[in-house]
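Using the sequences and the hints given, assemble the complete structure.
Listed below are the residues making up each chain.
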Amino acid sequence: MDFKFDIEGGNFSKAGTASSDVKKVLKKLNVDPKLIKRIVVSIYEAEVNVVAHAYEGEMNVSIFPEKIVVRIVDKGPGIPDIDLAMQKGYSTASPAVREMGFGAGMGLPNIKKNTNELNIKSEVGVGTEVELINYLN
Amino acid sequence: MEKLPFYHALKVVENVCIGCTHCMNVCPTKAIRVKYGKADIKKNACVDCGECLKACPVNAIIVEQDDFNKIFSFKQRVALLPTVLLGQFPDDITEDQIYAVIRDMGFTHVFEVDEAVDIQIEGTKTYMRKHSQMRPFISSFCPAVVRLIQVRFPSLVEHIVHLKPVVDISSQFYRKRLQDEGYKKDEIGIFYVTPCAAKIAAVKSPVGEDEILIDGVINMDFIYNKVMLSIKQGNKDKQAVSDYGHLSKTSIEWTLTNGEASQYPGRCLAIDEIHNVIAFLDKVENEEISDVDFLELRACDRSCAGGVLSTENRFLAVERLSKRAKKEIKKQAEAEEMLTTYRPYLLENIALSEIEPRSILSLDSDMMVAMEKMKKIQRIMRVLPGIDCGACGAPKCKVLAEDVVQGNAKMNQCVFLQKMLTKEELISPQESFDISERTWGKGRFEKKGPQ
Chain Y
1 MDFKFDIEGG
11 NFSKAGTASS
21 DVKKVLKKLN
31 VDPKLIKRIV
41 VSIYEAEVNV
51 VAHAYEGEMN
61 VSIFPEKIVV
71 RIVDKGPGIP
81 DIDLAMQKGY
91 STASPAVREM
101 GFGAGMGLPN
111 IKKNTNELNI
121 KSEVGVGTEV
131 ELINYLN
Chain C
1 MEKLPFYHAL
11 KVVENVCIGC
21 THCMNVCPTK
31 AIRVKYGKAD
41 IKKNACVDCG
51 ECLKACPVNA
61 IIVEQDDFNK
71 IFSFKQRVAL
81 LPTVLLGQFP
91 DDITEDQIYA
101 VIRDMGFTHV
111 FEVDEAVDIQ
121 IEGTKTYMRK
131 HSQMRPFISS
141 FCPAVVRLIQ
151 VRFPSLVEHI
161 VHLKPVVDIS
171 SQFYRKRLQD
181 EGYKKDEIGI
191 FYVTPCAAKI
201 AAVKSPVGED
211 EILIDGVINM
221 DFIYNKVMLS
231 IKQGNKDKQA
241 VSDYGHLSKT
251 SIEWTLTNGE
261 ASQYPGRCLA
271 IDEIHNVIAF
281 LDKVENEEIS
291 DVDFLELRAC
301 DRSCAGGVLS
311 TENRFLAVER
321 LSKRAKKEIK
331 KQAEAEEMLT
341 TYRPYLLENI
351 ALSEIEPRSI
361 LSLDSDMMVA
371 MEKMKKIQRI
381 MRVLPGIDCG
391 ACGAPKCKVL
401 AEDVVQGNAK
411 MNQCVFLQKM
421 LTKEELISPQ
431 ESFDISERTW
441 GKGRFEKKGP
451 Q
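Residue numbers (the numbering used here), protein chains in the order written: chain Y, 1 to 137; chain C, 1 to 451.
Check before you lean on any hint, since a few could be wrong.
What the hints assert, rightly or not - FRET-style restraints, in silico, Cβ to Cβ:
{"no.": "1", "chain 1": "Y", "residue 1": "Lys24", "chain 2": "C", "residue 2": "Phe222", "range": "36 to 46 Å"}
{"no.": "2", "chain 1": "Y", "residue 1": "Thr17", "chain 2": "C", "residue 2": "Ile387", "range": "39 to 49 Å"}
{"no.": "3", "chain 1": "Y", "residue 1": "Val124", "chain 2": "C", "residue 2": "Lys54", "range": "38 to 48 Å"}
{"no.": "4", "chain 1": "C", "residue 1": "Lys423", "chain 2": "Y", "residue 2": "Ala96", "range": "49 to 59 Å"}
{"no.": "5", "chain 1": "Y", "residue 1": "Thr17", "chain 2": "C", "residue 2": "Ser290", "range": "11 to 21 Å"}
Quick caveat, the hints were computed from the structure, so don't treat them as lab data. All C-beta atoms, glycine included, are put in the ideal place defined by N, C-alpha and C.
Given below as structure tokens:
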């Protein structure tokens, strides 16, 4: 079963709405509350990344009997060095973004912590695709 | 596992209800439908917040209370008063007069529950130190909020401070005290005067407690009327003091907004009114808000001063209570000593057992079945008008779609679909009329009033 939610780049006032919508779906599907929490926390981070860095993006959720796959695809600057971006505290966020309470450099490390499998593909100047896979049971 | 439905204090009086949808539309957990022209509250979804009662234009929703005469089946009759009670009366009526009337009604003891607030604070501080990984802590104070979390935010249940609310601590204190004075358990009757429906529900089917600590509940507006009547009828000179005298500032402000949040270290927030609470919990659940230590969440605007059974305007009640809190009256030393004596006993018995998540959101316990149902809902949503008119007897198109999928409603309850089906000659105008009559009752289609 597939769901698609749009993410608007630069609109921090709406950051989190896609994640909240996904949360509502997972609650309806009787997914274990603890797993829902882990998924939502990680996709929220990923959603904020899109808002903070990209021009636009979308969140695609596919639910299978054994796993939940969330793919967040954006059109944006891309990540030049993924290994560096995975380090705690590393951030390229502008001071303006940091002032809003975002951009502490915990995004990707936090996602990794809350996800069974994390795949990142990125092309500089084109965009980034983050795939989070969580297995049920 | 089959879950027992909650006890609910909110009841629809069928012959008064006009089936007008006001309550259905304000219910924060979508627990109300209109069937046969009457409001119908779904027991598993209702959290007893009382929004429906506030919205009802004909007072058809009431808070069920115990028969007052029940107090006389006990030798020792204790009235546990909420602090907001004193905020209901005009300034020229004194605390002593109010206590005197309550004693005249037949109570042998009068005790304000928030006297025991100190014990709650100490217990909570210890709890927070012990379970520091459970931040943010959510207060167990408001029973409507506890139930809301159980049904709508099951993943946050473990953040609730698993300690008895102050009313239960006070009840335990008084029972133990009277037992130590030599009274038998069944000679002691403890009655709580409640400012809201949720507290009644919590007393009748406590969450996380094994025994019922309170013998009966009396609605605050009932006591208000008795006191006003007695005073208006000239019993002005009567004076009596409560068993413990004047409350501390912390105690008086406890049930008002920020009463709890102001008492704990760290970053503490106070949020009142149920929609505000829901919006906030949504963010807490996503961890959009982290780095908070303690959350005081209350279902009513201005906390208990805005309880559904309060009679006075909540802003005036808050003003009066704040004034009262500023008065510095020295407590009787013996009264203070009494609570100190029982402190270790009360702290020992302050824990709550498990608070169970009981989600009302899932479409089915089997995820595959739930997915099928969700697909059906999506299909139904494509033909529903999406204007949430409520004419089907459900508060939103989406809710009707869910009810249909769960077998609790028919799609043709939608008046838009009825028109379509009639136009296509799939149902007759008579059939369409019959469907509407089933939702709205026969009376809805009759001319109202004489001539």
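Original post:
Could one say that the CB atoms of threonine 17 of chain Y and serine 290 of chain C fall in the range 11 to 21 Å?
Top reply: Between threonine 17 of chain Y and serine 290 of chain C, where Cβ atoms are some 18 Å apart, the hint holds.
Original post:
Within 38 to 48 Å or not, the Cβ separation of valine 124 of chain Y and lysine 54 of chain C?
Top reply: violated (57 Å)
Subject >> Beta-carbon spacing of lysine 24 of chain Y to phenylalanine 222 of chain C - inside the hinted bounds 36 to 46 Å or not >> reply: holds (41 Å)
Original post:
Honestly, do lysine 423 of chain C and alanine 96 of chain Y meet the 49 to 59 Å range at C-beta?
Top reply: holds (56 Å)
**OP:** With 39 to 49 Å as the target window, see if threonine 17 of chain Y and isoleucine 387 of chain C comply at their CB atoms.
**Re:** violated (22 Å)
In this structure, the hints that do not hold are numbers 2 and 3, in rising order.
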